[in-house]
Structures are given as C-alpha cells and as structure tokens.
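Number of protein chains: 2
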Amino acid sequence: MKLLKERILSEGKVINNSILKVDSFLNHQIDPVLMNEIGKEIYTRFKDYNITKILTIEASGIACAVFAGYHFKLPVVFAKKQSPSTISKDNMLTGSVFSFTKNKEYEIVVAKDFIKANDRVLIIDDFLAHGNALRGLYEIVKSVNAEVVAAAIVIEKSFQLGREKLMDLNIEIQSLSKIISLDNNTITIN
Amino acid sequence: MKLLKERILSEGKVINNSILKVDSFLNHQIDPVLMNEIGKEIYTRFKDYNITKILTIEASGIACAVFAGYHFKLPVVFAKKQSPSTISKDNMLTGSVFSFTKNKEYEIVVAKDFIKANDRVLIIDDFLAHGNALRGLYEIVKSVNAEVVAAAIVIEKSFQLGREKLMDLNIEIQSLSKIISLDNNTITIN
Numbered sequence: 043m044k045l046l047k048e049r050i051l052s053e054g055k056v057i058n059n060s061i062l063k064v065d066s067f068l069n070h071q072i073d074p075v076l077m078n079e080i081g082k083e084i085y086t087r088f089k090d091y092n093i094t095k096i097l098t099i100e101a102s103g104i105a106c107a108v109f110a111g112y113h114f115k116l117p118v119v120f121a122k123k124q125s126p127s128t129i130s131k132d133n134m135l136t137g138s139v140f141s142f143t144k145n146k147e148y149e150i151v152v153a154k155d156f157i158k159a160n161d162r163v164l165i166i167d168d169f170l171a172h173g174n175a176l177r178g179l180y181e182i183v184k185s186v187n188a189e190v191v192a193a194a195i196v197i198e199k200s201f202q203l204g205r206e207k208l209m210d211l212n213i214e215i216q217s218l219s220k221i222i223s224l225d226n227n228t229i230t231i232n
Numbered sequence: 043m044k045l046l047k048e049r050i051l052s053e054g055k056v057i058n059n060s061i062l063k064v065d066s067f068l069n070h071q072i073d074p075v076l077m078n079e080i081g082k083e084i085y086t087r088f089k090d091y092n093i094t095k096i097l098t099i100e101a102s103g104i105a106c107a108v109f110a111g112y113h114f115k116l117p118v119v120f121a122k123k124q125s126p127s128t129i130s131k132d133n134m135l136t137g138s139v140f141s142f143t144k145n146k147e148y149e150i151v152v153a154k155d156f157i158k159a160n161d162r163v164l165i166i167d168d169f170l171a172h173g174n175a176l177r178g179l180y181e182i183v184k185s186v187n188a189e190v191v192a193a194a195i196v197i198e199k200s201f202q203l204g205r206e207k208l209m210d211l212n213i214e215i216q217s218l219s220k221i222i223s224l225d226n227n228t229i230t231i232n
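As given, the protein sequences belong to chains F and Y, one line each in that order. Under this note's numbering, residues 43 to 232 are what the first sequence spells out, in order. Under this note's numbering, residues 43 to 232 are what the second sequence spells out, in order.
One thing to keep in mind: the hints can contain errors.
When chains are identical, the list treats them as one kind, so a pair holds in a single copy or across two.
Computed cross-link-like contacts, PhoX-like style, restricted to lysine-lysine with a CA-CA straight-line distance of at most 20 Å [stated by the list, open to error]:
id	residue 1	residue 2
1	K144	K131
2	K123	K146
3	K82	K115
4	K115	K146
5	K184	K154
6	K55	K154
Source of the hints: derived by calculation from the structure; they are not laboratory data. Please read all numbers here as calculations on a predicted model, not as lab measurements.
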C-alpha cells in the first residue's frame, strides 16, 4: 500500500534495529484519513471471504480495525489486556500473549457474548513482529470453535519472523507493508 | 442523538445503580456505523470552533474519536494509561485520573510532540461519570498552555455530577446522550 509505505518512510523513527516508532500517525497520534484508506484496502482484499466479525486488540489496533469494520459494515471486537471487573471469569474467552517489549506473558480477554462458534473472524492488528499477539487472538477464536479466516496486518516486521513462527496455525496473513530491516538506522521496506 | 439513545435503551445493561454496560456497541464490541454517525454529529456541533487537534483516552474513546477526526480531517491523539517504554519522561505530558471502578489514582500520558501551545483541542470521551478522566486530559492540555476548546461526550451519566465537579475548568461540555438515572434496574435517558 503505497500511501502507507510513504508515510512509514517519512515519519517512522528507528529506535534500534528491532523497534520502529510510528507514533505520529498510528500508535499514539492517529491520522484518521490514512486509517480510512487502510480500512478500505483491507475491505478490498477480504470482501469475498464471508467475514462475520472483526477482532483486534487494544489499543493501537482499534483505529484501523474500526475503519475496516465500517467498510465491511461489520462489528469490531477488541480484546482487552486486563480483565474488566464487569465481565465474570465464566463469561470470558482468554488467550495468552508474550510481550517482548515488557518481557512477560499476559492474558487477553474477550467476552463470550461477542464471538460465537459460527463466526468467521478476520483478525486485524497494527503490527506483526514475533506473532505473539496474533497467536493470542487466534487462541480466543479457536476456544469457541469459530474460524479465523485470515489476518490483516498494517506493518509486518518480516525480519522478526512472526509469519514463520505462526505457520502451525495455517491461516492466511496479509500485510499492507513489510519492513525487511531496521539495520543501520534505516527503514528498508517492501 | 436519537440513534444513540435508542441503542442505549435497547442494548445497555444496568449492572447496578451507577454502572451501565454498553459492551455490545461501544466499549468492547464496536459498531463502526454508529461510531461514524457519532463522529459526524460531533463534527456538526464543533465544526466552527477552529479545532486543531482531537484528544481522547485509550481504549474505548478511540473509536468515536477517530471517526470524529475523520470528519474534521484532523489528527487524533489518545492518552495512554501506562508510560510507554519508547517515550522518555522528559518528553511526556502527564495528567492524573482517579478511577472509581478500580479505586485508585493513575497517571495518563501524552508525548510532548503531539500537543503544542498553539493547539485548540477538542476532548472526546465515551463516558462522563465523575469527570476524572476529563480532568486528567484537561491537565495534559493545560500543561503546555494549549487550549481546551470543548469536550464532546458520548454518554453522560448526569446523576454522577461530573459536569458540576468540572465547573472550575470553565469548558463547554456537550453530551450526545444523558443518563439521568439507573435506579430500579431502569435506564432513564434524556
């Protein structure tokens, strides 16, 4: 996606050879016009997949997912990183995510009300790095025997091999942009 | 806002006389079509206010704020509830929020890059209860001497008197719906 790649190259900040900061349009400040274009692109790629629900994870996944949801005219569910006091344990679906940034495993939750066995789920997330968030979201969907139809990723850091690490899940993963390397303080994008 | 009120009445769940759950379209599962209507309504109300930036707080504020941002064609910044490891303390603006649900005070942060002294900020949030989140967001904006032009709230629980408690801030607060009471397991809406 040309517009997105240009934006990453012009505004992305290389923190080190594994971390790319895109805080000015995606992760902290959000450009809604770009998000709408991203949502439209995801819709175009997956409109014939008979999706019934979109699943993402708070917080940075929400903006791109809701614009995609708008084009699909489908509900968007976001997994929560903390168990909300208003959902009882019995009514939760859970998945576990290992965070490299925080060096710990944490639980993500979705209320049972919002993913059912007959759902065909499209997972949307802002980043694919080591694949841990995507695996946690996949676990949640599979725990009620619903289907993960595909995953749409805004920025894949392909050098961290998330795609390879998720091979066992056997799901289609499409990225709108692929960062091949952040070496030498330079963003190499595909 | 008629569409929103109908939705609150048909899908809102009264947990007790102070907590209303709107998890099926706003706080956990999101209806993007409704969010777009909410965003459009906020734009209509504030389009002549010369807003330069929209500020919200993760996670449930993001969906309505980005659709409003889309209609304004303005960037949306969301305050974070945890200090991200990629922003140094020197580069953060902070505000404090007392959470009644969790019975503790916590810090919210925004990177200095994204709110400047000349900004005219519209704050958008999903709920106004006791006014604590709004006060924290206000603190952040004022800490760089930017202006809070107004606040747009999706659901105001007017019986919790947030509006009255925020009188000292002297900002215009507009709500798209007002819950007058949750007594007797009944949503009374204005």
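A quick look at each hint next to the structure:
Within a single copy, K144 and K131 get their C-alpha atoms only as close as 25 Å, which misses the 20 Å cut-off; across copies the closest is 17 Å, which meets it. Taking CA atoms no more than 20 Å apart as the test, K123 paired with K146 passes in both settings, with 13 Å inside one copy and 18 Å between copies. Taking the closest pair of Cα atoms, K82 and K115 come within 20 Å of each other both inside a single copy (12 Å) and across two copies (17 Å). Proximity of K115 to K146 under the C-alpha cut-off of 20 Å is found in neither arrangement, the shortest distances being 36 Å within a copy and 38 Å between copies.
When the C-alpha separation of K184 and K154 is checked against a cutoff of 20 Å, the pair qualifies only within one copy, where the shortest distance is 12 Å, while the shortest distance between copies is 41 Å. In this assembly of identical chains, K55 and K154 lie within 20 Å of each other by CA distance solely across copies; the values are 16 Å between and 38 Å within a copy.
Violation of the numbered hints given earlier is confined to hint 4; every other hint is satisfied by the structure.
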